[in-house]
Amino acid sequence: MSDTVKDEVRVTTPAPAAPVPAPAPRPRRRGPDTAGERGILSEFDWGRAGTRWGMRVAQGLVLVLLAVASLGPILWLARASVSTTQDTLRTPMAFWPSGIDWANLSTAWNQAQISHYFTNTVWVALGSWFVQLLVATTGGYVLAVLRPRYAPVVTAAVLATLFIPGVVVLVPLFLTVLDLPVVNASLLNTYWAVWLPAGANAFNVLLVKRFMDGLPRDVYEAARMDGAGPLRMLWSVVLPMSKPILGVVSIFAFLNAWKDFLWPQIVLPEPTLQPLSVRLPLIRDTVELDVFLAALLISMALPIVIFLVFQRLFLRGAGLGGAVKG
Amino acid sequence: MNATIRWVRGGGLSTLLLLLPLLLVFGYFAWFPIGRAVVMSFQETNLVTDPAWVGLDNFRQVLEDPLFWTSVRNTLYFTGLALLFGYPVPLVLAVVMSELRRGKGLYSALAYLPVVVPPVVAVLLWRFFYDASQTGVFNTILGWVGLGPFSWIQEASSAMPSLVLQATWANAGATVLIYLAALTGVRGDLYDAAEVDGAGLWRKVWHVTLPQLRGVLLITLILQVIATFQVFTEPYLMTNGGPQNATVTVLLQIYNYAFRFGDYGAATALSVLLALFLAVMSAVYFRLTRSWSTT
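Same order as they appear, the protein sequences are chains R and A. Numbered per our numbering, the first sequence finishes at 326, counting up by one with no gaps. Numbered per our numbering, the second sequence finishes at 295, counting up by one with no gaps.
Hints are not guaranteed to be accurate.
Here are the simulated distance ranges between beta carbons [claimed, not checked]:
hint : chain 1 : residue 1 : chain 2 : residue 2 : range
1    : R       : 95        : A       : 39        : 35 to 41 Å
2    : R       : 67        : A       : 56        : 50 to 56 Å
3    : R       : 48        : A       : 185       : 22 to 28 Å
4    : R       : 301       : A       : 198       : 50 to 56 Å
5    : A       : 243       : R       : 301       : 31 to 37 Å
One-sided and incomplete, this derived list gives chain R residues near chain A with beta-carbon spacing under 8 Å [claimed, not checked]:
hint : residue
6    : 73
7    : 181
8    : 197
9    : 266
It should be emphasised that the hints constitute simulated quantities derived from the structure, not laboratory data. Backbone N, C-alpha and C define an ideal beta-carbon position, used for all residues, glycine too.
Can you make the complete structure from the sequences, with help from the hints?
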């Protein structure tokens, strides 16, 4: 087992390490590719009409494919959620044969109590985000900047959890939440049961630690000379410099909490506390189809809006985040 | 005593306090449960009486369950199909996208969009798309070109491919972006050199691009396999293991043991078996591919 871990670590380390830039240079814009960097095709290739048109056709096809595959289902849902059940069932691919039915959205929001579960989901996501950020920043700061003697041991213990498949801890984690050792409290049916385990995310800690490892150390010396204590240094020196990585961690923490299904379903059996993802499969049988589809649309709206607003952050993070998250 | 005071004065205590959130959260919710998993797999746990040691009984029970091999077969089938659908497609997309001179942001955003859709929403939506009647969404579209109607998730033989299709839709975008990031790291001078040797487009892709990506390709392959072995939401919400147990996966079995039948020992034993299998598989994989991945 230890051998396995060592192997995997060795191979995996370069992946997250490389793309995290030092804070000083601004992340490269994803605009038009500038001269100096070249792709597979050379300037000469681009000059040839055959290659140029071939490439344009390929890229056009990919664009159409992506638009249909990615946007298609979402646009279909948007249309269906303002159509009548009849229309959606009889002619699912026609535009509004019998007019637009805006009432679905308000019925879903009010009568089907989607507003209530939406608020629950926001709570779940905000709490998970906060705990993850707290653990990752304080932990990363101690392990990367303060570096006590026992830091390598803690780092290794955190790293090790990255290689344990999540499924192993599912049941023991549930029993732990039912009866927390030492304090003897049950977190069942409280949001703490979702928030606190979310913090035990090795990937966040290592990402932040690696970023802080790359910060210039002489800044700390200067701050220490000025009489800054560890907490003050974290708050006024290290955190402001770590904004890029904290943005990436935040966005994925929030989104993953919003998407989570299995764990909230296990620890929040009380219906009034459940987030959307747990509630949606259950209300499927109790409301009409058009209202249900409207509920689906409302549930995906916020993640999509957040994605569109913070696109740059997502796309930068996905290159390093997605891989190890699995 | 003096040493303690010196330690506190030197900032040792405040360091430890700052590390406390990490130690508590990981201690309670990562390290302790991992250790407990191993112990629990040898115990009978039902939350009513005290746990009792039962040796290998849990493992025996899990392995003798008639659904065990079904779930293993189904999980392997899911993983195989997911690789078949989900491994080459993102690579092709990423290579084409990396050659874009404009609009890379638009392509990336489109590719990534399905990844931000909550899995439960996506699965429930696709479940509706897979309506087996003549007027189902997919059947309507395929009907335009004279295909179908297909029974999708209603029939044992097509249920699993349908799940994989949905899962690929939901996850491919993340892989595309990983490859795209890796492609920007391919050194331009290698292409220059290949051109000097007279290599055309395909040979450049084959002899320069792919070898330069092999580190990333090898890691995404194993990570994808590990992730697909733990597939749960799709079979649980789309088909709940049916029809005729055709989509019962290992994780669905674990869930049913624990949260339907309250048999925590058996659930943990199966989890430990799965984890051991994944660990051995990863070890073998990295040993076998070691010679290729030295970059």
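These are the hints, each one checked on the structure:
1. About 60 Å separates the C-beta atoms of residue 95 of chain R and residue 39 of chain A, a value inconsistent with the hinted range of 35 to 41 Å.
2. In this structure the supplied range 50 to 56 Å holds for residue 67 of chain R paired with residue 56 of chain A, their Cβ-Cβ distance being about 55 Å.
3. The given range of 22 to 28 Å is respected by residue 48 of chain R and residue 185 of chain A, whose C-beta atoms sit roughly 27 Å from each other.
4. Residue 301 of chain R and residue 198 of chain A have their C-beta atoms about 53 Å apart, which keeps the hinted 50 to 56 Å range intact.
5. A hinted range of 31 to 37 Å for the beta carbons of residue 243 of chain A and residue 301 of chain R is consistent with their spacing of about 33 Å.
6. A cut of 8 Å between beta carbons decides the hint on residue 73 of chain R: the least distance to chain A is about 6 Å, and the hint holds.
7. Using the Cβ-Cβ criterion of 8 Å, the hint placing residue 181 of chain R at the interface with chain A is satisfied: the shortest such distance is roughly 7 Å.
8. About 4 Å separates the beta-carbon of residue 197 of chain R from the nearest beta-carbon of chain A, less than 8 Å, and the hint is met.
9. The beta carbon of residue 266 of chain R is positioned within 8 Å of a beta carbon in chain A (closest approach about 6 Å), and the interface hint is therefore held.
Comparing the model with each earlier hint shows a violation of hint 1 alone; every other hint is respected.
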